[in-house]
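Chemist: Residues per chain are reported as follows:
2 protein chains.
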Amino acid sequence: MLTNNRKKEIISLKHKKFRQKYSQFLVEGEKSVFELCNSSFTIVETYATRQFLDKSKIKFDLSKILIISEKEMKSISSLENPPGIIAVSNFKDIKFSISDFSNKLTLVLDNISDPGNLGTIIRIADWYGIENVICSDKSVDFYNTKTINSTMGSFTRVNVYYENIYELLAKTKVKKYSCVINGNSIQQMSKPTEAIIIIGNESNGINDEIINISDYKITIPRIGKAESLNAAMAAAIISHKFVFG
Amino acid sequence: MLTNNRKKEIISLKHKKFRQKYSQFLVEGEKSVFELCNSSFTIVETYATRQFLDKSKIKFDLSKILIISEKEMKSISSLENPPGIIAVSNFKDIKFSISDFSNKLTLVLDNISDPGNLGTIIRIADWYGIENVICSDKSVDFYNTKTINSTMGSFTRVNVYYENIYELLAKTKVKKYSCVINGNSIQQMSKPTEAIIIIGNESNGINDEIINISDYKITIPRIGKAESLNAAMAAAIISHKFVFG
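In the order they appear, the protein sequences are chains A and B. Numbering-wise (my numbering), the first sequence opens with residue 46 and increments by one. Numbering-wise (my numbering), the second sequence opens with residue 46 and increments by one.
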């Protein structure tokens with residue numbers, strides 16, 4: 046049964062302040078909840094409607110699901126079209142260490158502000174086998190429902206950290222590649238075995254202090270006239286190039 | 046002066062039915078309106094607030110701008126944060142001919158449904174110098190305000206057509222590349238001098254009848270576990286590969 050008190054708490058998880066208070070977040074929809082069940086996240090509880098369970102092709106463990114009405118589902122969902130299944134999950138307790146930069150590609154995001162962009166970048170990281178995404182402290186919240194939804198389940202497989210990225214980057218010897226508008230073409234690069242790819246804010250790019258401690262400034266070449274590519278596009282193209290050459 | 050009648054007409058342009066009735070659409074925001082002024086589109090009228098014009102760094106031709114109040118701006122804007130400047134533009138009257146496929150890259154979209162994805166793909170086309178984007182008849186409307194906004198001005202430089210893409214593709218000898226989940230890796234391809242890149246619907250991919258008349262099935266290689274990349278990501282990575290090799 047969903048008590049009024051618990052309902053209020055769940056609804057409050059739409060706001061970062063309350064997600065942080067409870068160290069919990071919402072996962073909505075069949076695919077995302079399914080991926081969550083098969084991940085290392087600890088699920089607090091799962092709610093579904095009878096109508097959803099009757100139709101779903103995925104066999105969820107019914108002993109772990111609380112059945113609620115469609116009206117209750119609507120009240121706790123953040124989506125216009127409530128999804129039929131919602132899980133409340135605990136945050137994952139992970140810590141990034143400098144040695145995690147070694148022998149792999151890492152994405153570092155400097156003040157990404159759009160939750161959809163962050164979600165899409167996490168999906169890209171998952172596609173290209175990039176284990177770690179590090180966000181500057183002021184970046185949009187990973188546990189934002191829009192971010193989680195737009196990862197299409199990839200949030201369960203990619204580690205996302207929030208750090209003072211200047212301090213972190215200053216400590217590592219792994220080569221740092223800042224994606225800027227007037228750098229060297231990525232076409233002229235050879236494929237690195239380890240690298241840190243830095244993507245900037247959607248409007249303001251990468252902070253100068255971060256660019257100054259980078260080893261390379263890189264650019265996606267252009268033959269048309271668009272002023273820029275969006276942050277997620279840039280992350281996709283550069284990840285592809287760094288992974289497959 | 047903005048009459049009540051005209052205000053109603055402008056507000057109605059948020060809906061496809063009325064855009065088609067008047068053959069007009071809305072362009073919102075400083076950058077987009079600026080690009081519109083420098084394009085081959087015919088502007089019907091431009092509205093701006095005094096507050097916006099006082100602050101704008103772009104010198105708009107004031108003789109062509111009707112000043113309206115912030116309240117009026119709010120009523121005609123489709124955005125939560127009204128932008129200060131809005132133009133009403135006529136549709137561009139263009140027609141695609143089969144010979145336009147020759148000696149260049151073309152993007153064909155099979156039932157793209159998300160306006161943000163379409164806008165982003167148009168921005169990608171503009172970045173990579175792809176002149177023409179052809180949408181299947183059932184694709185989301187190019188003149189949708191969300192689509193126009195998410196092109197970041199690129200809607201003025203890329204020609205977007207709506208066609209029966211099956212009939213069109215059946216008529217051309219230019220090689221057709223369908224982007225699917227189980228095709229040949231784009232890493233093994235040589236750079237073509239002319240090609241038609243086909244991107245499918247976000248959930249259902251490309252229709253079988255279109256795949257069947259394609260010359261190649263291509264896939265973006267993956268080393269991670271994400272089930273898919275979104276349509277705009279795929280368009281970005283494949284366009285980059287086709288243009289730069």
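Accuracy of the hints is not assured; some may be wrong.
Copies of the same chain look alike in the list, so a pair counts if it works inside one copy or between any two.
Derived SDA-like pairs: lysine to any residue, alpha-carbon spacing no greater than 25 Å straight-line [claimed, not checked]: (1) K116 to Y206; (2) K286 to Y261; (3) K100 to K140; (4) K270 to N148; (5) K286 to G269; (6) K62 to D253; (7) K220 to I268; (8) K76 to N246; (9) K76 to S273; (10) K76 to F289; (11) K109 to R51; (12) K270 to F136; (13) K236 to I110; (14) K104 to L213.
Hints are computed from structural coordinates only; laboratory data are not their basis.
Chemist: Which numbered hints are broken by the structure, listed smallest first?
Modeler: Violated hints: 1, 3, 6, 10, 13 and 14; rest satisfied.
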